[in-house]
Amino acid sequence: MILSVLAATPLVGALVVTLMPRTAAAARTVKVVALAASLVALALALYVTARFDVAAGGYQLTEQHEWIGPLGVHYALGVNGIGLTLVLLTTVLVPIVLLAAWADRLPAARSVNSYLAWMLVLEALAIGVFCATDAFLFYVLFEATLIPIYFLIGSYGGAGRTYAAVKFLIYNLVGGLLMLASIVGLYVVTARAGDPTYLLSDLSGLDVGTTTERLLFLGFMAAFAIKAPLFPFHTWLPDAAGTATPATSVLMVSIIDKVGTFGMLRWCLELFPGASEWASPVVIMLAVVSILYGALLAIGQDDVRRLVAFTSVSHFGFIILGIFTFTHTATAGSTLYMFNHGLSTAALFLVTGMMVARRGSASISDFGGVQKVAPVLSGILLLAGLSSLSLPGLAPFVSEFMVLAGTFTRSVPAAVLATLGIVLAALYILIMYQRTMTGPLQPEVEHLRDLDHREVAALAPAVVLIVGLGFFPQPLLDLVNPAVDEVVSHVGVGDPAPRTPADLDGISFSGSYAPMSELTDTEGGH
Amino acid sequence: MLDLVWLVVVVPLVSGLGLLVWGKEGDRVGHLVGTVASAVAFVIGLVAFVQLLGRPEDDRSVAGTLFTWISSGPFHVDMAYRFDPLSALFVLLVTGVGTLIHVYSIGYMAHDERRRRFFAYLNLFVAAMLTLVLADDYLVLFLGWEGVGLASYLLIGFWQHKPSAAAAAKKAFVLNRVGDVGMALAIMLMFAQLGTSSIQAVNATVAGQASESVATALGLLLLLGACGKSAQVPLQAWLLDAMEGPTPVSALIHAATMVTAGVYLVVRSNGIFDAAPVAQTAVVVVGLVTLLAGAGIGCTKDDIKKALAGSTMSQIGYMMLAAGLGPAGYAFAIFHLVTHGFFKANMFLGAGSVMHGMSDDVDMRHYGALRRAMPVTFATFGLGYLAIIGFPGFSGFFSKDRIIEAAFGESFWVGLAALLGAGVTAFYMTRLMVMTFTSPKRWLDDVHPHESPRVMTVPLVVLAALSVLGGVLVLGGWIEHWLEPVVGHTEHHELAVPAWGMSIIVTAVVAVGVALAWSTYTRSPIAGTAPADADVSVLTRAGRHELYGNAVNDTLVVRPTRHLTRVLVFLDARLVDGLVRGLADRLGDTSQFLRTPQTGYVRSYALSILVGSLVVVLALLAVTLA
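Protein chains in written order, with our numbering: chain A, 1 to 526; chain B, 1001 to 1626.
Derived by calculation from the structure, the hints in this document are not laboratory data.
Only a predicted model underlies this, so the values are computations on that prediction, with no experimental measurement involved.
From the three backbone atoms N, C-alpha and C, an ideal C-beta is built for every residue, glycine too.
Incorrect hints may appear among the rest.
Straight-line C-alpha distance at most 16 angstroms; calculated EDC-like pairs for lysine to aspartate or glutamate [claimed, not checked]:
1. 1441(B) with 1535(B)
2. 1024(B) with 1113(B)
3. 372(A) with 270(A)
4. 1441(B) with 1494(B)
5. 372(A) with 450(A)
6. 1162(B) with 1360(B)
7. 1024(B) with 450(A)
8. 372(A) with 1112(B)
9. 372(A) with 1113(B)
Some chain B residues well away from chain A (every beta-carbon gap over 12 angstroms; in silico) [unchecked claim]:
10. 1029
11. 1069
12. 1072
13. 1079
14. 1192
15. 1198
16. 1203
17. 1393
18. 1413
19. 1454
20. 1477
The shape of chain A in the complex, shown without the other chains (with noise of 0.2 angstroms):
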């Protein structure tokens, strides 16, 4: 019951805030309404958090109704360890953009209050997604996250977002209509062998036969891939990011986004782990290719919220990579990187939207020497960038590292090639930094203002988050290691025991190295 609480508090919120009046002088009470609301989904959704007993693992609190009975639709809701972390990540980055978008500018005739609701609409429906544990109430959700994200840049972007718009929702249509390919697909099956089911459950010890096993997973695997967003379907991201507000970009590619690569570790490993498999060599080129390629067009960009968009094509890459090698380690730092790319894009696109807002272009050859009128604005900057190109003490770091450190168990020359982002990451984040916010003061920028309290109190939490998980990620481990475990052991594959193991208790050597022994109690000196 719980999660469909958690699930219709923003939505509550939506009706509450549409149905206020849409003058000026209301617009300080919706939006402060709007936050509200997204702040009690945070309250709860930490609730859960404190519920979930972490030590069991497994689907927790789950609730399961009939829905449609002869499809065999339920509406059942539960989270396990990976859910978890993304319904908190939703949750901890709604109330920072609702509060980050306080002073957007929208085209005339836009009210807020259509604005805020489509935002918490959205914040809804990614709980759902995260909760769904029935494939057709995923599927429906699923799809549903469109239309809030087709208005937000259709209706409130820049210039060119009608067309943006389109291209996103034909792009994610295509690979919604692929999915519902599958989804029939599971009917079908499902019907012929006894009754016909969507629930999680039953689906994951499905025995389908080969073909029909990849035929599915290729529709579901369409459908991520557009989503998440992997090479060479990535297209739509940077003209959807370059024209939407920055909120909107936040909600799309922290949060939406993540479904592809959540639905990826849910659905296509959990329903199909032959399939996927069969897949992952194809898969892991793919992300490797997202990664350097991701990287190289974000170095290209001039406009600062498209290169914002590519580097997040290289770093779902990563995610995808370490989600297709099937190693504990890489797939625990897949989940963890989720939550942290959540945190890390959402600082940078929040920032350099504000740069943009100030500006009035977004392009970086119109800045330069920010840094001198603006230290705190170009400070947060650059921590969002250096958490971007995964500075160590920062959270991205360890969820990348993991990603690569598991790769590498199973394949050499893909870790390498990714290693191998992490210079080009430097290059495109220290690049973009230097012609904004270093050189001379850039005399249409002389007066550009530094951040308001209220622009530092949005972005604190996600900088305080940055860095806090850099040296501390234990906690959020801790949460997804059991789910972790469980995908990893349903797929089958594993991490391979280390050739030479070192022995930490009684190992014989030579060299000058210091006896062994001296490791045992190494607690706390003597």
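Given the coordinates of chain A, assemble chain B onto it according to the supplied hints.
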């Protein structure tokens, strides 16, 4: 105190972060807070060192775990530290020299409105460097490794309104990242092969059981990382540009401590390198090439800081060479690292003092006769000079001699190259002394050279004293003995010439270098402007252009990457996006669904829902009828 030795990291870390978020009200005392934090770290380090000294030899290693950093399935990394004879020396060097440089910076940065931030960055650097040397796990070491890289980036680019400073900062970070690829891959290989990245476990296992190919791969990958951080060929090109940073930064980070981290890494990983002769040879070659290249650059630069930077490269080349010699060289690599930390920090701060008096001019052709105008700077710099060229009795005399001896023990040719390097060192350092201090004055009338304030000269005096006396560390073989628990027994090769004979030969070569430089630069007056490239020898031209390292990088990497990026941006819009759009257009031609973007988009969405529902219904029928 030994159990609390990790506080040396925490104190400057907290201070640095605090100074960063402190508002304008912190400007008045920020520099003092930063300096005190560094001094406190030094005191903690000193007490811990003394306590370590008081322990029996086989018990001089204290390790502990602060908390579990990452633990997931087979992947486990502890935030583990180890205070042993090697890290103890580094803790003292970093906090000791670091504190002196903090003090000096109070004066040097007195007129900079962002001084508080400067001290924050210095504190963060100290914290990161101490993390690097105290880490007991390669991933934790990597944390410090990248932390010092970040501090270096921030401090090189501290005057970021200068485009050259911003570009230099970025270049340093990116070239270091290339090295980091090696480091990161090495750690991945450790996990794959050994299941851990604990420094102790990895080295013990590699030394004992792993195959030589694993050891070689690890050694070469770590060497790549070391080349980036320590500005060794082929990743050397960032160091000279890094001189854009404020001079105290050049002294602390780009001379005394951070750039020697690569040497530390090799010595710390002696279990790996001892098991990998191929990797050791690579280390020796890298060290030798850099030693000579850096010295060559040092001979030709007129910018006093760049001349010193070339010298730093070269001296680190010596250390690297020694580290590559294995047990015969580890202790001397560290010994030279420590003495170099003293005399090079001394000379860089001296150069800063000169610039301070010369209105920030760095061109030695505009100097001359500063001996009288700046007596304290001259005297302290002079002592540093005698130390680096290896004047008998000074610290550099002992440390460089040991390396050259060990090099001859390895092979005659390696020894000869190291010996030649000593002569070139004497040449370029004498050139620098003559041009700056003793030749006739060449400064303009509106420049008024003056001695720096006490807050700057006192650290100079202390460092000068250390430059002179640093050699005591080797008396009675103390440093070899001290480091023995970490690096093993120092092997001494029997040379054809006895040790004292070797010292005489080295001193003679040094004397030749000094004499050559003296005669070259005192015979005729030094021109106020450098002769054009066309008028100097090929070698000089090469040295001035830093042996064309930038040109090579440009041609091989930078420009191809730029072109590739442009081509990809073009192709992404035309080809990848175009293909998918073309496909959509084709579909639009043949059906109502997927109209071209300009028309009927909301309708198409409605249609798709309709089509979707139809598919479901049809499938239902199909199954029911079947």
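Status of each hint after checking the structure:
A hinted pair counts as satisfied when its Cα atoms are at most 16 angstroms apart, and residue 1441(B) with residue 1535(B) does not qualify at roughly 24 angstroms. The straight-line distance between the Cα atoms of residue 1024(B) and residue 1113(B) is roughly 10 angstroms, inside the 16 angstroms bound, and the hint therefore holds. In summary, the hint linking residue 372(A) to residue 270(A) is not supported, as the alpha carbons are separated by about 52 angstroms, beyond the 16 angstroms threshold. Using a Cα cut-off of 16 angstroms, the hinted pair residue 1441(B) and residue 1494(B) is violated, with the two alpha carbons roughly 50 angstroms apart.
For the suggested pair residue 372(A) and residue 450(A), the alpha carbons sit about 10 angstroms apart, so the restraint of at most 16 angstroms is met. The suggested pairing of residue 1162(B) with residue 1360(B) holds, with an alpha-carbon distance near 14 angstroms, which does not exceed 16 angstroms. Of the supplied pair hints, the one linking residue 1024(B) and residue 450(A) holds, its CA atoms being roughly 15 angstroms apart against a limit of 16 angstroms. Taking the CA atoms of residue 372(A) and residue 1112(B), the gap is about 13 angstroms. The hint holds against a cut of 16 angstroms.
This hinted pair checks out: residue 372(A) and residue 1113(B) have alpha carbons roughly 11 angstroms apart, not beyond 16 angstroms. Even its closest Cβ contact with chain A, about 19 angstroms, leaves residue 1029(B) beyond 12 angstroms, as expected for a residue assigned away from the interface. Against the 12 angstroms criterion, residue 1069(B) falls within the reach of chain A, whose nearest CB is about 7 angstroms from its own CB. A cut-off of 12 angstroms between C-beta atoms contradicts the statement that residue 1072(B) is not in contact with chain A; the least separation is 4 angstroms.
With 12 angstroms as the threshold on Cβ separation, the claim that residue 1079(B) sits away from chain A is violated: the shortest Cβ distance comes to roughly 8 angstroms. For residue 1192(B), the shortest C-beta to C-beta distance to chain A comes to about 5 angstroms, within the 12 angstroms cut-off, and the non-interface label is violated. The claim that residue 1198(B) is not at the interface with chain A is violated, since a C-beta of that chain comes within 12 angstroms of its own (minimum 7 angstroms). Listed as a non-interface residue, residue 1203(B) fails to keep its Cβ farther than 12 angstroms from every Cβ of chain A; the least gap is roughly 5 angstroms.
Once the 12 angstroms rule is applied to beta carbons, residue 1393(B) is consistent with being away from chain A; the minimum gap is 31 angstroms. Under the 12 angstroms C-beta cut-off, the non-interface status given to residue 1413(B) relative to chain A holds; the minimum distance is some 27 angstroms. With a least beta-carbon separation of about 32 angstroms from chain A, residue 1454(B) lies farther than 12 angstroms from that chain, consistent with its non-interface assignment. Consistency note on residue 1477(B): stated as away from chain A, and its beta-carbon is indeed over 12 angstroms from all of that chain's, at 16 angstroms minimum.
Checked against the numbered hints given earlier, this structure breaks hints 1, 3, 4, 11, 12, 13, 14, 15, 16; the rest are met.
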